[in-house]
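Trainee: Mind docking chain B on chain A? Use the hints.
2 protein chains.
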Amino acid sequence: MNDLLKGMRVVEASAFIAAPYAGLVMGQMGADVIRIDPVGGGLDYRRWPVTAAGRSLYWASLNKGKRSIALNVRNGEGREIAQALMTQPGDGNGIVLSNLPARGWLDYQALKAKRDDLIMINITGNRDGSVALDYTVNAAAGFPFVTGPEHYDRPVNHVMPVWDVVAAMSAVQGILVSERHRRGTGAGQFVQIALSDTAFATLSHLGFIAEVQVNGDARPRAGNHVYGTYGQDFETADARRVMVTAFTERHWQALVEATGTAEKMRQVESLFDLDLKKEENRFAARETITAVLRPWFAGRPLANIRAALNASGACWGPYQTFAQAIAEDPRVSAANPMFEEIEQPGIGRFLAAGCMLDFSGASRGSVKPAPILGQHTDEVLAEVLGLSSAKIGALHDAGIVGGPME
Amino acid sequence: MNDLLKGMRVVEASAFIAAPYAGLVMGQMGADVIRIDPVGGGLDYRRWPVTAAGRSLYWASLNKGKRSIALNVRNGEGREIAQALMTQPGDGNGIVLSNLPARGWLDYQALKAKRDDLIMINITGNRDGSVALDYTVNAAAGFPFVTGPEHYDRPVNHVMPVWDVVAAMSAVQGILVSERHRRGTGAGQFVQIALSDTAFATLSHLGFIAEVQVNGDARPRAGNHVYGTYGQDFETADARRVMVTAFTERHWQALVEATGTAEKMRQVESLFDLDLKKEENRFAARETITAVLRPWFAGRPLANIRAALNASGACWGPYQTFAQAIAEDPRVSAANPMFEEIEQPGIGRFLAAGCMLDFSGASRGSVKPAPILGQHTDEVLAEVLGLSSAKIGALHDAGIVGGPME
Chain A
0 MNDLLKGMRV VEASAFIAAP YAGLVMGQMG ADVIRIDPVG GGLDYRRWPV
50 TAAGRSLYWA SLNKGKRSIA LNVRNGEGRE IAQALMTQPG DGNGIVLSNL
100 PARGWLDYQA LKAKRDDLIM INITGNRDGS VALDYTVNAA AGFPFVTGPE
150 HYDRPVNHVM PVWDVVAAMS AVQGILVSER HRRGTGAGQF VQIALSDTAF
200 ATLSHLGFIA EVQVNGDARP RAGNHVYGTY GQDFETADAR RVMVTAFTER
250 HWQALVEATG TAEKMRQVES LFDLDLKKEE NRFAARETIT AVLRPWFAGR
300 PLANIRAALN ASGACWGPYQ TFAQAIAEDP RVSAANPMFE EIEQPGIGRF
350 LAAGCMLDFS GASRGSVKPA PILGQHTDEV LAEVLGLSSA KIGALHDAGI
400 VGGPME
Chain B
0 MNDLLKGMRV VEASAFIAAP YAGLVMGQMG ADVIRIDPVG GGLDYRRWPV
50 TAAGRSLYWA SLNKGKRSIA LNVRNGEGRE IAQALMTQPG DGNGIVLSNL
100 PARGWLDYQA LKAKRDDLIM INITGNRDGS VALDYTVNAA AGFPFVTGPE
150 HYDRPVNHVM PVWDVVAAMS AVQGILVSER HRRGTGAGQF VQIALSDTAF
200 ATLSHLGFIA EVQVNGDARP RAGNHVYGTY GQDFETADAR RVMVTAFTER
250 HWQALVEATG TAEKMRQVES LFDLDLKKEE NRFAARETIT AVLRPWFAGR
300 PLANIRAALN ASGACWGPYQ TFAQAIAEDP RVSAANPMFE EIEQPGIGRF
350 LAAGCMLDFS GASRGSVKPA PILGQHTDEV LAEVLGLSSA KIGALHDAGI
400 VGGPME
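As you go down the protein sequences, you meet chains A and B in turn.
So the first sequence is numbered by numbering that gives the first Met the number 0: it starts at 0 and just counts up by one.
So the second sequence is numbered by numbering that gives the first Met the number 0: it starts at 0 and just counts up by one.
The following block holds chain A by itself, in its conformation from the complex:
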């Protein structure tokens, strides 16, 4: 974590991906992120993948560098502690991040009554508060019908939870913009983001809505082709696969040069009376272009293809399984300054990413492991709320707070 947001504290009440991912991003830029969980863990505490011993690799990965407090908010005193953490005075305090329903102990008005300039970011499923998750939102957004093999007639779900991550990134923006505004005006605010809106806004921003409304139709399923330009996957002689694209004239020329297909491509241009320097023509002739290129890829192992395409400056990349990416790709290793091998208590060593952004004005710092559930219960109660050891002990005895839990 770098220290750019040092002095800012975010109290996170969350589950699953969107809010935890946002808290992770804030923490990796220096904010003190305190995650509140129920004693014994919340809905996502044992989410797969898990180790043989049942420890969640998902939870550990999403909560790197946070402080964890375990708290029973069904108890009145537990709720008071949670609200006191969220509404502490001080410039850096008073920032709440949640994807749980904003009611009960997370009711904005109740919190605002305790700190008028509170900033609260709430991620919901739908705008009306009804439930929606990444998988149901993606189904509604249209992508499953244009993803997958060209003649397949069923929807294809994504595996990467895109909308959760976009909502998370948006939530971070919401915190930063609101905190900037609060410093300028003294006013806090309640910021809402619906997961479904992140998908539907993206449909607008990338032109999918205009395409239907203006052109009266939408693109068909095009397999691994890239719509409107040239992009295609190929199998290599050693049974690997590569993705090759040529969005620009320069990338197209590099591809033609590396594969020695200049004369063949002139014949394709003549055959269809098309100038292949234009990307829309490469899309129109994509099947033929692919047929011309395929033998070159099929006749060479990945290593030779890599050398030739890199030498010409083509825009391509190998397909990799998760395991291949980790085993073979230096970008996914400690050679990349973004990564560091961490020791995660109860789990072991693995490679973990810090902040995606490199700031010239801030050192990267180290990547911190996730807490054990409730690891910082006592520390947070003492440091942030000033509770005495005796009081903290009594809260433990009453089951109002918990942890650390192995």
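I should point out that these hints are in silico values taken from the structure, not numbers from a laboratory.
On a predicted model such as this, the values are computed, not experimentally measured, just so you know.
Do not rely on the hints blindly, as some may be mistaken.
Straight line, CA to CA, 25 Å or less: simulated DMTMM-like cross-link-like pairs of lysine to aspartate or glutamate [stated by the list, open to error]:
| id | chain 1 | residue 1 | chain 2 | residue 2 |
| --- | --- | --- | --- | --- |
| 1 | B | Lys111 | B | Asp127 |
| 2 | A | Lys277 | B | Asp377 |
| 3 | B | Lys367 | B | Asp377 |
| 4 | A | Lys276 | B | Asp43 |
| 5 | A | Lys113 | A | Asp90 |
| 6 | B | Lys111 | A | Asp2 |
| 7 | A | Lys5 | B | Asp115 |
| 8 | B | Lys276 | A | Asp43 |
| 9 | B | Lys367 | A | Asp216 |
| 10 | A | Lys113 | A | Glu76 |
| 11 | A | Lys111 | B | Asp2 |
| 12 | B | Lys277 | A | Asp43 |
| 13 | B | Lys367 | B | Asp396 |
| 14 | A | Lys5 | B | Asp90 |
| 15 | A | Lys367 | B | Asp216 |
| 16 | A | Lys277 | A | Glu248 |
| 17 | B | Lys5 | A | Glu248 |
| 18 | B | Lys5 | A | Asp43 |
| 19 | A | Lys263 | A | Glu234 |
| 20 | A | Lys5 | B | Asp116 |
| 21 | B | Lys5 | A | Asp90 |
Mentor: Relative to the frame of chain A, chain B by itself:
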């Protein structure tokens, strides 16, 4: 656009998705975003989808609400104008956003020499400056091998350019954090983001790396199932499809209740000696659960399924094509305050999204259409740089600036 970032100016030098998307997000929160393009348009100016008249719906959708200046930066004077825009004095100025190579007119050190506290965000393909696009990054990240039909043996590309959007959202964070830091310390900085790092960091944050390194294996392709819990798509009696999930015990009970399968599910529990209240057991028994549920979905039209699942509070959603989402879903309509129908000059009317975030302390304002290329050339030269009409006329005559271009 709301006005939370009013007074902040971002000069964008960009093409394709990541930087334009970031500029769009900044503009929709009130920043004055000035996009610089070559006279006649850049690499992405005619990117598909296009209208019958060849106007890019993609370009129009990604540049909503920006100001456009057309400038020949291969000319020395053109380059000076670009750099003057980027390094203007004033608190809100001196912020550059680009996904073009940071050299020549976009060299950070050269710009910093003109304004020492410059903030420059540069999005690259790979960290070492080599080329990578969303499609080649996604191939390398592992997702294509776990996406798609369960027994399909080839990679399945995503259609939604996830990493471009994540990099865009990260770039916005980079601007906001750097500007906060500059106001505190007076120091600017150069912020770099590699598209490939956004993917590999996400592999870490979502537990995919730990899964391989700690457990020694990775999840298999699981079709439209959701890994580690229950999620499945079903066909309806009217040939629609729905996605149904049950991550939590509550969602599972709602699904069982709506479908009237409580007794059958007890038989499944007995058959496999599993407690289906636990999500990992629902994943283990997913094929059988699906077989039990399928007749209920196959026997009802979507409308009846919708009513029953909503009544019980199940977590589900219909699959929709892009066209169906726009035609049928009130979330993708002007009934959603995020959306507004706009008139885009040269293109026509379509539904466009504003900011995904709802701030209680700021009015949403209206959604602005994209500029025509070079629409604001004269306005920006006069207002920001204080050039005279005569000077601006001479720049047009010399072909150093251009626009507006229909």
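Trainee: Checking one constraint from the list: CA of Lys277 of chain A to CA of Asp377 of chain B, max 25 Å. Satisfied?
Mentor: Roughly 31 Å separates the two Cα atoms, so the pair is violated.
Trainee: Between Lys113 of chain A and Glu76 of chain A, is the straight-line Cα distance small enough, at 25 Å or below?
Mentor: holds, 15 Å
Trainee: For the pair supplied as a hint, Lys5 of chain A and Asp90 of chain B, is the alpha-carbon distance within the 25 Å limit?
Mentor: holds, 22 Å
Trainee: Holds or violated: Lys5 of chain B with Asp90 of chain A, Cα cutoff 25 Å?
Mentor: Satisfied, since the Cα-Cα distance of roughly 22 Å is no more than 25 Å.
Trainee: Lys5 of chain A and Asp116 of chain B: Cα distance at most 25 Å?
Mentor: Satisfied, since the Cα-Cα distance of roughly 20 Å is no more than 25 Å.
Trainee: Between Lys276 of chain A and Asp43 of chain B, does the CA-CA distance stay at or below 25 Å?
Mentor: Cα-Cα ~14 Å, so holds.
Trainee: Check whether the Cα positions of Lys276 of chain B and Asp43 of chain A lie no farther apart than 25 Å.
Mentor: holds, 14 Å
Trainee: Can the restraint linking Lys277 of chain B and Asp43 of chain A be considered satisfied, given a maximum Cα separation of 25 Å?
Mentor: Holds, at about 12 Å.
Trainee: Holds or violated: Lys367 of chain A and Asp216 of chain B, Cα atoms, limit 25 Å.
Mentor: holds, 24 Å
Trainee: Starting from Lys111 of chain A, check that the Cα of Asp2 of chain B is at most 25 Å away, please.
Mentor: Satisfied, since the Cα-Cα distance of roughly 23 Å is no more than 25 Å.
Trainee: Holds or violated: Lys111 of chain B with Asp2 of chain A, Cα cutoff 25 Å?
Mentor: holds, 23 Å
Trainee: Checking one constraint from the list: CA of Lys5 of chain A to CA of Asp115 of chain B, max 25 Å. Satisfied?
Mentor: holds, 23 Å
Hints 2, 13, 17 and 18, counting from the list given before, are not met by this structure.
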